[in-house]
Structures are given as C-alpha cells and as structure tokens.
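Given the sequences, and given the hints that come with them, work out the whole structure.
What follows is each chain in one-letter form.
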Amino acid sequence: DGGITQSPKYLFRKEGQNVTLSCEQNLNHDAMYWYRQDPGQGLRLIYYSQIVNDFQKGDIAEGYSVSREKKESFPLTVTSAQKNPTAFYLCATRWGGASPELFFGEGSRLTVL
Amino acid sequence: KNEVEQSPQNLTAQEGEFITINCSYSVGISALHWLQQHPGGGIVSLFMLSSGKKKHGRLIATINIQEKHSSLHITASHPRDSAVYICAVRGGNKLVFGAGTILRVKS
Numbered sequence: 041d042g043g044i045t046q047s048p049k050y051l052f053r054k055e056g057q058n059v060t061l062s063c064e065q066n067l068n069h070d071a072m073y074w075y076r077q078d079p080g081q082g083l084r085l086i087y088y089s090q091i092v093n094d095f096q097k098g099d100i101a102e103g104y105s106v107s108r109e110k111k112e113s114f115p116l117t118v119t120s121a122q123k124n125p126t127a128f129y130l131c132a133t134r135w136g137g138a139s140p141e142l143f144f145g146e147g148s149r150l151t152v153l
Numbered sequence: 074k075n076e077v078e079q080s081p082q083n084l085t086a087q088e089g090e091f092i093t094i095n096c097s098y099s100v101g102i103s104a105l106h107w108l109q110q111h112p113g114g115g116i117v118s119l120f121m122l123s124s125g126k127k128k129h130g131r132l133i134a135t136i137n138i139q140e141k142h143s144s145l146h147i148t149a150s151h152p153r154d155s156a157v158y159i160c161a162v163r164g165g166n167k168l169v170f171g172a173g174t175i176l177r178v179k180s
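Residue numbers (our numbering), protein chains in the order written: chain A, 41 to 153; chain B, 74 to 180.
In short, the hints are calculated from the structure, not lab data.
Worth double-checking, as some hints may not be accurate.
As the list claims (entries may be wrong) - EDC-like mimics (lysine to aspartate or glutamate), calculated; alpha carbons at most 16 Å apart, straight line:
| no. | chain 1 | residue 1 | chain 2 | residue 2 |
| --- | --- | --- | --- | --- |
| 1 | B | K167 | A | D99 |
| 2 | B | K179 | B | E90 |
| 3 | A | K49 | A | E64 |
| 4 | A | K49 | A | E146 |
| 5 | B | K126 | B | E140 |
| 6 | B | K167 | A | E141 |
What the hints assert, rightly or not - Simulated coverage check for chain A against chain B, where a stretch passes if three residues somewhere in it have a Cβ under 8 Å from a Cβ of chain B:
| no. | stretch |
| --- | --- |
| 7 | 81-95 |
| 8 | 141-147 |
What the hints assert, rightly or not - Between beta-carbon pairs, the in silico distance windows are:
| no. | chain 1 | residue 1 | chain 2 | residue 2 | range |
| --- | --- | --- | --- | --- | --- |
| 9 | B | I133 | A | N68 | 29 to 37 Å |
| 10 | A | E102 | B | E140 | 31 to 39 Å |
| 11 | B | T93 | A | E109 | 40 to 48 Å |
| 12 | A | K110 | B | N166 | 19 to 27 Å |
| 13 | B | P112 | A | N93 | 33 to 41 Å |
| 14 | A | F52 | B | S99 | 32 to 40 Å |
| 15 | B | G165 | A | Q81 | 19 to 27 Å |
| 16 | B | L122 | A | G43 | 18 to 26 Å |
| 17 | B | S180 | A | V92 | 44 to 52 Å |
| 18 | B | G113 | A | N124 | 19 to 27 Å |
| 19 | A | F52 | B | G113 | 14 to 22 Å |
| 20 | A | E109 | B | S180 | 42 to 50 Å |
| 21 | A | N93 | B | F91 | 48 to 56 Å |
| 22 | A | K110 | B | Q139 | 41 to 49 Å |
Computed from a prediction, not measured in an experiment: that's the story for all the values here.
Cβ atoms here follow ideal geometry from the backbone N, Cα and C, with glycine treated the same way.
Dropping the structure here:
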C-alpha cells in the first residue's frame, strides 16, 4: 500500500543528545515537509524539500537539520541546539505541480528527559 | 492575533447532534483545508476548497471568501467522529494551520 511511514512512533532521549526521526514515502511525491505540533498551537513548518538534494528552512528551523538524498526519504535530526525539543513531529508529502493536497504520516512523539 | 482562528477550541456533543466548527482567517488565500487528526496522531485531509461548499458523507464544508470564514459541519454525529479538526489556509506557497478544535462525541 502507498503511504508515509514515520519511525519511531515514540522516542525518549536525554538532554544534549541528537535524535533522528525517519520519514519514508512510497507515494512518489516530490515534496516532503516536517512539521512540529505543540499543545494548543497550529502545526509549524520546520523544513521542506521540493526535490532531491534540495531543502529549505521553514518557520522554526533553528536546532534542526534534514537531508534529502533520496526521493523516498526525508529524515529530520533534532540537535542538542534545539532548546525545547519535546513535541509531536509530523512528516507530510505533496505530489507537486499544482496539486496542493498534503498527505501526512502518523507522527513521532519525542520526549526529552 | 493568529492568522487562523478556530472556534470552539473544545466541543462535546451527544451522539446524533449537528456539529459546527468555525474557522476565520485574516490573510488572502488560494485554498482552505479541513483536516482530521485522529487520537493516534495521524492526519487525514477531509476537504480542500476555494469557494462554495463541498459535501462528503455526513461532512459538509463551506467557505465565504468575502467574510474570510469557513465552517465544517457534521450531521448525525457519532462517537467515531471524535478527533481534532484542523483548519489550514494556503496563501501562495505557505500553509498556515489553526490550533484545532477538539471534538468529543458521547454515546
């Protein structure tokens, strides 16, 4: 089945450790996005990539890094520089061109102890 | 003021009730999305509209461009409709999300 797979679903880490969240898609979509969700707030864009080997900062990129070496994969690294990393992280994809519809993964919940 | 405001923030209804969730926005948009986030956290797209009204099963979405307002209606609500409903507006390449409305339908 086509879809977006995020892993792990739950992740606990100590302060000061980098963590990498995986996002894999088999929808053959060009664009991929990482969003952060905090209680009582709308989703906020961290990074996005419209083609392989290219990505752009979103509204809250500080303390995060990404790569887009393959069309199917867009991993997000939460670095120790991110001051408040505990959040729910959602990966999304879009086919591209004129299609605005987004498809979302199931999310990863990161808790920093 | 947030660019996208949803109301109410929380809503509890009895099974069978007619439900309305509102979304107001302050920017020019090319499209508005209604999304559903189920308790596990995943999000699915319900509607994308730029004018008028769309219907899918028991769900109806309307938008008034002049008033910068959209509503999501659920007819004959059911406990399985319990979820977070999110409004998002697209202006250019940017998508701005509302904080969501938490809906609980009791049987």
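Structure-based check of each hint:
no. : hint                             : result
1   : K167(B) with D99(A)              : holds (10 Å)
2   : K179(B) with E90(B)              : holds (10 Å)
3   : K49(A) with E64(A)               : holds (13 Å)
4   : K49(A) with E146(A)              : holds (8 Å)
5   : K126(B) with E140(B)             : holds (15 Å)
6   : K167(B) with E141(A)             : holds (13 Å)
7   : 81-95                            : holds (count 5)
8   : 141-147                          : holds (count 7)
9   : I133(B) with N68(A): 29 to 37 Å  : holds (32 Å)
10  : E102(A) with E140(B): 31 to 39 Å : holds (36 Å)
11  : T93(B) with E109(A): 40 to 48 Å  : holds (46 Å)
12  : K110(A) with N166(B): 19 to 27 Å : holds (23 Å)
13  : P112(B) with N93(A): 33 to 41 Å  : holds (37 Å)
14  : F52(A) with S99(B): 32 to 40 Å   : holds (39 Å)
15  : G165(B) with Q81(A): 19 to 27 Å  : holds (22 Å)
16  : L122(B) with G43(A): 18 to 26 Å  : holds (25 Å)
17  : S180(B) with V92(A): 44 to 52 Å  : holds (48 Å)
18  : G113(B) with N124(A): 19 to 27 Å : holds (24 Å)
19  : F52(A) with G113(B): 14 to 22 Å  : holds (18 Å)
20  : E109(A) with S180(B): 42 to 50 Å : holds (49 Å)
21  : N93(A) with F91(B): 48 to 56 Å   : holds (50 Å)
22  : K110(A) with Q139(B): 41 to 49 Å : holds (45 Å)
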